[in-house]
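Student: So the protein lines, in turn, are chains A and B.
1 is the number of the first residue of the first sequence in the numbering used here; add one for each residue after it.
1 is the number of the first residue of the second sequence in the numbering used here; add one for each residue after it.
Hints listed in this document are in silico derivations from the structure and should not be mistaken for laboratory results.
Bear in mind the structure is a predicted one, so any value in this text is a computation, not a measurement.
From the three backbone atoms N, C-alpha and C, an ideal C-beta is built for every residue, glycine too.
There may be inaccurate statements among the hints.
Cβ-to-Cβ under 8 Å is the rule here; a few derived chain B residues that face chain A [stated by the list, open to error]:
id, residue
1, 11
2, 145
3, 263
4, 287
One side of the interface only, derived from the structure: several residues of chain A facing chain B at Cβ under 8 Å [what the hints assert, rightly or not]:
id, residue
5, 144
6, 152
7, 278
As a plain string of letters, each chain reads:
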Amino acid sequence: MAYFILKRLVQSVFVMLAVAFLAFSLFRYVGDPISQMTGVETSVTDQEKLREDLGLNDPFVVQFARFTGNMLQGDFGFSYRTRQPVAEMITSRIPATLELGIVALIISLAVGIPTGVYTALKPRGFVTQTILMTTLVGVSIPTFVIGIMLIFFFGVLLGWLPTFGRGGTVLLGGWETSFLTLEGWRALLLPAITLGVYQLTLTMRLVRAEMMDVMRSDYIRFATARGVPMRRLYFKHALANTMVPVITIIGLQFGGVIAFSIVTESVFQWPGMGLLFLESIRFVDIPVMGVYLVVIAFFFVVVNLIVDLLYVAIDPRLRVADVS
Amino acid sequence: MMSFIKRHEGLWLFSHSPAAIIAAIVAIAIIFGAAFAPWLAPTNPYDLASFSLMDGLLPPMWEEFGNPKFPLGTDDQGRDMISSILYGARLSLIIGLAAMVIATVLGVGLGLAAGYYGGRFDAIVMRIADIQLALPAILTALLIDGIARGILPADVQQDLRVAVLTLAIALSLWVNFARTARASTFVQMNKEYVQAAIMMGQRPIRVMVVHILPNILGPLLVIMTVDLASAILLEATLSFLGIGLPADSPSLGTLIRIGMQFLLSGEWWILWIPTLFLVALVVSINILGDFLRDVFNPRLR
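The following block holds chain A by itself, in its conformation from the complex (with noise of 0.2 Å):
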């Protein structure tokens, strides 16, 4: 178990440092940072002297480890466009599009597991066949298409709910939270459902496709023949053995909410990482957009491990596999 958990530390270690690399290569050869940082009126000696001091003419991994250990020290560097730390500007939107992707990823799963489980359990009835055709025109309609059908029937027709913005928000020990207020839920409703619905699709098809797998095993028939209550053998027996591909999906979804909240936000003007991002690279402020992959990536590693130790304590079969 600890030889399972340090091997799996360790890959996350090399997928950060890959992933700090293209930050770096971005960095450091997208486009020259001088030329960025200073203006028409430098003199040359004067940028020679900016690239000596930033190191800029150290050999290469120097300035890698350089680039990496600060970044460790939690010292992104500055903005292009801004001139503000990129580390501050991170991670003042964190919070937002945080809360926006969890509240999302709740409505995927609480709609999509129960219709995933019926589908499965009822292939052929009407119901299953009219949600499959619904959900094959879900996964065909873009995410903004759906946000902009949400505005208009909530925002625009009916007025019940705020286009943009996370309207009031409560500063709570540093995190800036929607969670608080009326007016945050209100503003944080459209949003989340948009990026909700477009997740929720794939919860159920996987969910439907694991289910319809072990229903089709031979435990399942040996207990039907045993007698075994259908009830009894839907939610104890099929249903808890598909919980591992379960957690396998809220892991995968969480990563696509985070990404795709790139589109949502820009459509909610949303102020989170995302809005942040697409700015970034409308500017080519590639700072931002170098800090940002890294975060994300981060994001990604520690869910995915949290995933692949929540297999361990759920599935004792594994357990054995590693021992062996």
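Use these hints to put chain B onto chain A, whose structure you have.
Tutor: This is chain B only, laid out in the frame that chain A set:
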């Protein structure tokens, strides 16, 4: 190679699936309209002389104040909506198809080679795939686009927008092909016919392309359909975000972004008609992809 019986079964299934038939009709109609846009469209939306501000903001012909000259109405510049949409769909489809083809060639090539040679080459390709798979396609595409903006000099950027966008989309989609091609190649490598071909001293490239490739086409065809839809969606999303194409050469995504300005006013057609076209196109391609998956993988039916 698909057997004769299987091909017949596919046709039989098709004629008994109303959804697939409707999807095929819609997809073919839109693709046809897009392909022949220069001949079918009443005006050329890129030609400034062909439209006039006097005709601006006309509703579709069935609404009050509609003009039969512009069956789906006009935008604020007086452009005929039908023409914009046909040209827009043309650009969306060209980019989507090109990106899908590049992703297929690159992914299948690398996947085949990884499955054939195995060992270190396989490990390198798959690690790159793993890292890229950790980042969703849209993030990869955005990133590649951002890097291109940083590298390319400003004067060629406008000219290369379409190429950069296509490449960004292709590079974010190749992984699926590589993984599928690699897994299928592994299965084929153990079969006698491949071993025989290798023993006869045929060149690896010949074994891969002539012998293995035709036998792994089935699942790849499904991915090609699904990824064509993904590529079109990605292009639309990037253009909608204002990252993709400039407003003077509108794709469907750009048209929707422009239409967003009219969300609050009464000119619904400028936003909703391009949106409807995009959704119809992608939905029908996805339905066809789903249908193909059923044909190639009867176990899931």
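Student: Report holds or violated for the interface hint on residue 278 of chain A, using the least CB-CB distance to chain B and a cut-off of 8 Å.
Tutor: Cβ of residue 278 of chain A sits 6 Å from chain B, so the hint holds.
Student: Would the hint on residue 287 of chain B stand, with a C-beta cut-off of 8 Å toward chain A?
Tutor: With a closest approach of 6 Å, the residue 287 of chain B hint holds.
Student: For the restraint on residue 263 of chain B, tell me whether the closest CB of chain A is nearer than 8 Å.
Tutor: holds, 6 Å
Student: Mind checking the CB of residue 145 of chain B against every CB in chain A and telling me if the closest is under 8 Å?
Tutor: With a minimum Cβ separation of about 7 Å from chain A (threshold 8 Å), the hint on residue 145 of chain B holds.
Student: Against chain A, run the beta carbon of residue 11 of chain B and see if the smallest gap drops under 8 Å.
Tutor: violated, 22 Å
Student: Would the stated hint for residue 152 of chain A survive a check requiring a Cβ distance to chain B of less than 8 Å?
Tutor: holds, 6 Å
Student: Per the CB criterion, is residue 144 of chain A less than 8 Å away from chain B?
Tutor: holds, 5 Å
Hint compliance for this structure: hint 1 alone is broken.
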